Amino acid sequence: MSEEITDNEIRARLVADDSAALDMIWTLYASNLLGYIVSILCSRHDAEDALQEVFVTIARKRLAVAGARQLKPYLFRLSRNVALNRIKKHKRRREREHEASEWLDPEDGTEQGDDRTRHLEAALTSLPEEQRSVVVLKFFRDKTFREIGEMLCISENTVGSRYRYGMAKLKAFMLEVLQ
Amino acid sequence: MNSHVEENPLDVVEMTRHQIRGPSPELRKRVLHAARAAWPAVEPTPADIPWVFPVLRLAASLVAAVSLVHFMNVVGSQTAARWLAFEKSPANADSANVSPNQPMLSRLADVAASLAPKNAPQELINRQRRIQEFLGTAGDRNGSRNVGLQ
Numbered sequence: 000m001s002e003e004i005t006d007n008e009i010r011a012r013l014v015a016d017d018s019a020a021l022d023m024i025w026t027l028y029a030s031n032l033l034g035y036i037v038s039i040l041c042s043r044h045d046a047e048d049a050l051q052e053v054f055v056t057i058a059r060k061r062l063a064v065a066g067a068r069q070l071k072p073y074l075f076r077l078s079r080n081v082a083l084n085r086i087k088k089h090k091r092r093r094e095r096e097h098e099a100s101e102w103l104d105p106e107d108g109t110e111q112g113d114d115r116t117r118h119l120e121a122a123l124t125s126l127p128e129e130q131r132s133v134v135v136l137k138f139f140r141d142k143t144f145r146e147i148g149e150m151l152c153i154s155e156n157t158v159g160s161r162y163r164y165g166m167a168k169l170k171a172f173m174l175e176v177l178q
Numbered sequence: 465m466n467s468h469v470e471e472n473p474l475d476v477v478e479m480t481r482h483q484i485r486g487p488s489p490e491l492r493k494r495v496l497h498a499a500r501a502a503w504p505a506v507e508p509t510p511a512d513i514p515w516v517f518p519v520l521r522l523a524a525s526l527v528a529a530v531s532l533v534h535f536m537n538v539v540g541s542q543t544a545a546r547w548l549a550f551e552k553s554p555a556n557a558d559s560a561n562v563s564p565n566q567p568m569l570s571r572l573a574d575v576a577a578s579l580a581p582k583n584a585p586q587e588l589i590n591r592q593r594r595i596q597e598f599l600g601t602a603g604d605r606n607g608s609r610n611v612g613l614q
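Top line first, the protein sequences correspond to chains A and B. Position 39 of the first sequence, counting from 1, maps to 38 under our numbering, and the rest follow consecutively. Position 65 of the second sequence, counting from 1, maps to 529 under our numbering, and the rest follow consecutively.
If you are wondering where the hints come from, they were derived from the structure by calculation, not from laboratory data. Only a predicted model underlies this, so the values are computations on that prediction, with no experimental measurement involved. Positions of the beta carbon are idealized from the N, C-alpha and C atoms, including for glycine. No false leads were slipped in.
Label pairs and their computed distance ranges (CB to CB): (1) 127/A / 488/B: 26 to 32 Å; (2) 83/A / 542/B: 55 to 61 Å; (3) 83/A / 526/B: 35 to 41 Å; (4) 129/A / 518/B: 29 to 35 Å; (5) 529/B / 156/A: 42 to 48 Å; (6) 128/A / 530/B: 48 to 54 Å; (7) 174/A / 518/B: 52 to 58 Å; (8) 128/A / 534/B: 50 to 56 Å; (9) 532/B / 30/A: 54 to 60 Å; (10) 141/A / 515/B: 33 to 39 Å; (11) 127/A / 535/B: 51 to 57 Å; (12) 156/A / 526/B: 39 to 45 Å; (13) 30/A / 501/B: 19 to 25 Å.
Over the 10 Å line for every Cβ pair with chain A, so calculated as not near, a few chain B residues: (14) 528; (15) 529; (16) 532; (17) 534; (18) 544; (19) 546; (20) 547; (21) 574; (22) 589; (23) 593; (24) 596; (25) 598.
Next up, chain A with everything else stripped away, as it sits in the complex (with noise of 0.2 Å):
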C-alpha cells in the first residue's frame, strides 16, 4: 500500500476533509517519526504519546499540514516541536526518571544482550539531541545522509558532521565503559 500512498495524495485527502489521510501518513510515515521522537526523548513510552500528538496536531491543523510545501521535513519539524515541548514540560520528571529509562529494545532478550543494550542506551542519552537524532536515524532507521538531511532540514554535510561526532563520541563512551 505504501509504495501507492503519494505526498500529493495526502495532501488531496486533507483538503477533501477525508480522514483516511491519517492512515496513509501513519503507512508512510508513523515508523521514522516514531523512531525520530524516541531519538529526542530517549524514552518510549513518552516518545509514543508524542507521536500520538503529532497526529492529533496533524487532524487540528489538516489544513496547514496540506499547504506544506513538502511534507515528510514539515511532519519531522512537527514531531520535534512536539518532542521538546514535552521535554519542557516534563523536564522535572523526566530528570527523575531518566536513568531508568529504557528506550532501546533488545533482540535477544539474553542478560548480555540487556547489558548491551544499556550501555549504548547511556552511551546514546549523552549524546547532545542534534548528533543523537542523526546518530539513531542512520544506525537505528538505515536513513541516508541525504534522507535524513530531507527530515530534519539541514545539509548533507551537516549531517555528516553531526554522525561524526556523535559516533566518536559514542565510541569513546563505549571504550571508557567496556574496558
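With the hints as your guide, set chain B onto chain A.
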C-alpha cells in the same frame, strides 16, 4: 564474542541495530483513534489555511494605502481652496500674479513709512520711497525688479 566486543566497541552498536521497534498495531489503533476524535472537533480556523494570512496582509496594506491617499487628497483640497479663496478676494482682483506674502509686505511698507524720520536728508527719504514702492509692487512679478531701483 565478548573479547571481540572489547576490541571494537562500535560492534556493540552494530549488533544492537534495529532495536527501536516500529509502532505496534495497538499503538496504531490508539493514535489513529485519538486523531480521528480530534478530526471533526475543530473547524479549520483562518490560521490553519496557509494562504489566508498573506491575503489578509495584502488587503490591510491596500486599505492603508487607499486611506493615506484619500487623507492626502482631502488635505490638498483644503489647502487649494484657501489659495483659491485668496486669489478671488476683491483686494487681489487686479493682480494677475498674487503672492500670498503680499498683504504682509504691504503692511511692512506702511510700517516703514510711519517710522520714517521727519527731518531725514532728502537722499534717505528718496531711498525710503523707492523701497516703499518696491515693497508695494512686490506682487507684480513682471515689473517688480526694476520698479523704483533705476
